[in-house]
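Enquirer: Given the coordinates of chain A, work out where chains B and C should sit on it, guided by the hints.
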Amino acid sequence: MAEEAAPKVLELKGITKEFPGILANDRIDFDLRRGEVHALLGENGAGKSTLMNILYGLYSPDSGEILVKGKPARFHGPGDAIEAGIGMVHQHFMLIPVMSVAENIVLATEPRKAGFLLDEDTAMKRVEDLADTFRFRIDPHAKVENISVGQQQRVEILKALYRGADVLILDEPTAVLTPQEALELFAILRNLTREGMSVIFITHKLNEVLEIADRITVLRRGKRIDSVPKAGATEDHLARLMVGRDVLLRVEKKAPQPGETLLKVENVSVVDDRGLPAVRGVSFEVKAGEIVGIAGVDGNGQTELIDAITGLRSLEEGQVTIGGKDVTNGNARRVLDAGMGHIPEDRHRRGLVLDFTLAENIALHDYREEPDSRFGWLFPKRLIARARRLLKAFDVRGGGPTTKASALSGGNQQKVVVAREVERDPRVLLAAQPTRGLDVGAIEFVHRRLVEERDQGRAIMLVSLELDEILSLSDRILVMFEGEVVGEYSPDVTPEELGAAMTGVGREQVVA
Amino acid sequence: MIARAEQAGANVDRLFAARNLAIAGIAVSAIGFWIVLPPLTQRSLVWPVALGILGTLFGIAAVSRGVKRLGWWAVVLGIASIGLGIAATNSSVGHLDSVVVWSALFASMLRYATPLTFAAIGGMFSERSGVVNIALEGMMLAGAFFGILAAQKSGSWAFGLVAAMGAGAALALIHAFFSIHLRADQIVSGTAINFLALGVTGYFFVDVYGELGTPSEIPRIPDVHLPLDKIPTGIGTFLDDVFGQMNLMIWLSFLLLIVSYVVMFKTPVGLRIRAVGEHPRAADTVGINVYLVRYASVTVSGILAALGGAYLSIGFLGSFNENMTAGRGFIALAALIFGAWRPFGAFSAALLFGFSSALAQRLPEYSGSAATLFQALPYVLTLIAVAGVIGRSIPPAAVGRPYRKQ
Amino acid sequence: MSDQPAIEQPSSGEGPPSPAARLGALQRAGGIVPPILTALLAFFVGGIVVAASGHNPLTTYKEIFAGTGLNWFLQVGSYEVGLPFSDATVWFPWETNDINSEAAFNLQQTLLLWVPLVMTGLAVAFAFRCGLFNIGGQGQYIVGAGVGVWVGSSWVDMNPGLHIVLAIGLAALAGAFWAGIAGFLKATVGAHEVITTIMLNWIAYWIWIFAFGQGGPLQNKVNESVPVSSDVAEGAKLPVFWGDPLLQGLHIGFIVATVALVAYWLTLTRTTLGYEVRAVGFNPEAARYGGINVARSYILAMAIAGMFAGIGGALDILGWQFRLGVIDIQNSAIGFIGIAVALLGRNTAIGVALSALLFGALLNGTSTRNLDPEVFQPELAGNLTLMIQALVVLFVGADLLILALWARAKRIGRGRHSGAPVAGTPT
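Residue numbers (numbering that gives the first Met the number 0), protein chains in the order written: chain A, 0 to 511; chain B, 0 to 405; chain C, 0 to 426.
Hint data in this document are derived by calculation from the structure and do not stem from the laboratory.
Heads up, some of the hints might be wrong.
What the hints assert, rightly or not - Quick look at which bits of chain B chain A covers, simulated, 3 or more residues with Cβ under 8 Å:
| no. | segment |
| --- | --- |
| 1 | 266-276 |
| 2 | 284-290 |
Said to hold, decoys possible - PhoX-like cross-link-like pairs, simulated, lysine-lysine; straight-line CA separation at most 20 Å:
| no. | chain 1 | residue 1 | chain 2 | residue 2 |
| --- | --- | --- | --- | --- |
| 3 | A | Lys142 | B | Lys265 |
| 4 | A | Lys380 | A | Lys391 |
| 5 | A | Lys403 | A | Lys391 |
| 6 | A | Lys124 | B | Lys265 |
| 7 | B | Lys265 | A | Lys112 |
Yeah, the Cβ is synthetic: ideal placement off N, Cα and C, and Gly gets one too.
Pulled out of the complex, with its shape left as it was, chain A reads as follows:
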């Protein structure tokens, strides 16, 4: 593998980048040697993507320098990075679905014939040759929309190679792949490094890191924690580096007193927007008076599961019951009527109508019922009165009932959402990432509130990417990995253990 003598093709020194309110990268050092796979490991929000976007010229760092093959470089855009031999495979592919593989690859550097015509034969041939060199199996004539996601990813890699890249950045490349496709990707990466390419592999899955990487750099909260060679690294060690031993935000709470089952999910399977299986046969139940936490790395089917339970996405199979009422494949209205409160993952896309006033937002579920309206006639004054009361009760600051939701800070917006959902006195409360993007004070508020609601006998399902949140709030913890519930834990589980389960440790890769 990568000998110690291999020269550094890339070096990042003291990279710092701050966004309003977030120190995304804090004096990060990173280097890449010729012919190695260097994994960048960290949780969501650890600063991996920011670092790579700086390297690819999409952001400029506040301080720090980039050295390419020993020489300082300044990138003003992806064009500069491409010129310097850096290629990036984005998590969301930059491919044109209706065009052929070859067309996508040669775009903007097309071979020509007779001066102005597109030389399709040469394009096909070059793509074939390139694919052969690195032992890819790909049909250059196929349309991108007709090939699998794994193949699309290969097209992205070929695109970078065609432009002369010798450094490849892969951003969460396995997030969209099946286990088998991931194995194929690893084989390709080995071929690439054998030919002298260098690869930066961004991931948060421990098993992959140990499978493919030569060296591993761990980021946490914008800081570089450590760089370790693969030899000697263990999953436990890496998990500890990655998750850290931060002080948990402990929430005062009594022992749970679970009552009757209010939410029952049976053998539910759901497909994602592309029609690929996202949730595979998930079953669990949530009882009155308990908080069930769903832990997992982003993109393991949580979003689709939430949508399916709340009536926003149809089920392939399975059944959802709320308080004994079957709401399988019901619309949002039916689920709400059955007694569901839903704090959605994304308050901007879904939870709030940002151009509505707070009073109107608070009425989003109940506007059709008394006292908000009668016979289709709305009573704005009642909306405002209710909103005033709620805003006070939930200590929402920065605006009154007639303020537009967009004028509030994220924390106060979230309080509005929580207020609305709790106010309806739901039997089941589904809280998805309820503290995303909030400051400490707001987080505390939301956490306390969730526990209070539990103690009032509601069944609470908490979906979060934050381990701390899951650990401090949940009475039971389920871990989702690749669309399945892979384990159930009690809240005294260690973060390492949980982190290992979330990253698929101990699960054999399915080899076909």
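Expert: Just chains B and C now, with coordinates in the frame of chain A:
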């Protein structure tokens, strides 16, 4: 893997067979059409109805095997064939002979189709690059007026064409500036351009020509005379009637069709235009200048639409009056959509719509009011096409969306 | 807010904001000033064109203004006229046969145009509020006009009040149906409403030209050489409440339009339906999450929009046109001007009322009857109106830009405190 490939192969075979079924259905229906009209003028109802039913059945069979677009066409044509058969056998041979003079119909169809072809292909450039162009109407009108103005003032039709192109380009640049740089709503901007062209051309028309209108002696774009009648037998006469005295612009529209096809689908330029219209961010990340491509494409669309307008004023009619395009820009838009944003598709649609205009022009000898109703055909067909009943027309993915550089 | 850096999700923020969200942003920022500036700028550019063609823009605009009747409002206090059926008096020139009442007559004509412009403006505005761009106001308007004349000229002996209600009601339904087709296609197969409404405009156009044209089923039976409908029955004509009925006085359609404006405002702000429509217009995904049936909202919003335009068509027919000819259909552009009315009026009731007044006055002031050919040819003026209208629509797009720049300046200002964004952009 292999098994899957074989299965895929079997599917392809099946699709192929169904496709042939649909094509057979269309052909059978077309024969049904053909035999009831002059010169054959089959007078018995049996044949057209039988052929129509057969065509419909083929179509249904094809649809049930998954060939939706062609299959539905066969069904529609089959039913139309039955209807036409009934209508034709119920009317007198004299009437039929006076309406259905094929050579005259074809010649007339080409005259009506040409302005549509220019504008629709223009629209294709704009929309393929991701900019909606509902301003084709205004650009055509500007071309028609400034074409005749310049031709009349300079005494040269060629100069008229150049001026028309300039006027179309100017309007297109306004549209481009507002919808690309200012990221204004492309529909709002297009609507404004249509109003603007109507106002500006009307204003200067009144200002320059007043109540008398354009003078009768206008330098016209010449016709191209081909000695086709030298070809022996009836075919020569027929060809001569259709193609013998065609206007230069009609020939140019054929040329444009081929050139635009080559540019759009066989050159790097076309590949980049399509990339920008499908996924501007992807195009941007490989170094294509999205704004430049869109500006150029919109400008080309203005120039072509204006040429279509100029054909109307200094090629076809030799005069101008206010709002003389009378919705042709929107028919061109319909042709573009109906033709699925492809040159030959748009041209076929333009021919179809041109044929319906030609027929409408001759039908009054039959029934004036029915001829009028015929004019709605392009819009009805397009409505059906966007509704996806007969195979869905899918626009470029990024059309109508302003692109924001990162 | 300390949300994740936007680049983490490259796909987010790529889609443009919906028209409703954009116009919502407009209403927040700037208030009434940008529309007024927009209109002034349009008149200014129009003036340049006038000057370029060798006329004096100032005298031209003055002459146009004189024909609008808006000077009537400047004459407060100069007259004292008794109100009918009461002892009260008003200080406006109410009686049109008064020697000094030319302004009153002109104003009546302006308001006659105001009525359909309000209705077609509302048709565009209501759909906009649901995030839909209805450029089919023209088609819906002529569908309403056609049905209005059809019903109005049939059943000659019907009870007058009932006849009027029936004609307007059926025209409203017809308009609703016509626009509802576009709403239905949007809701079910996702067909873009701009394309479908354009097509529906032209289909309506040709259907009526067929119906009222020579040999058409609805052509008048009196003179078969004229392609025009039968006349509306006396009983179906709208009562005139201001001015001389024989000289096109102002009919009660004025009241209908005023009621429509109020109904528009009430529907949007005081009903659950309006709440749904606005929620879908701003954020369909949040609306769906909230339990709103988005597809139903699209269909209803379009149908109501079409209803407004359809009523507008019927009011014109029953109020002063009394018949519908092929020429009328060909020359009609009220529905298209409605787009400019709605855009300039920012889709608010008051805005639509005011910008309809502006365009109504402009149309009337530049009509052949009102403009002195010595000063400016009316034929030119009509086209000047079109240009001004075009520029208004164009600049409405531009003031979106001004707001965008303003917002961006604010963002960059904020960004500088904590590290500027990338200077270079990919090209």
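Enquirer: Confirm or reject each hint.
Expert: Going through the hints against the structure:
1. 266-276: holds (count 8)
2. 284-290: Held - the segment 284-290 of chain B has 4 residues with a Cβ nearer than 8 Å to chain A, which meets the minimum of three.
3. Lys142/A x Lys265/B: 16 Å, holds
4. Lys380/A x Lys391/A: With Cα atoms ~17 Å apart, lysine 380/A and lysine 391/A stay inside 20 Å; holds.
5. Lys403/A x Lys391/A: This hinted pair holds, its Cα atoms lying about 17 Å apart.
6. Lys124/A x Lys265/B: 17 Å, holds
7. Lys265/B x Lys112/A: 10 Å, holds
The structure agrees with every numbered hint stated previously.
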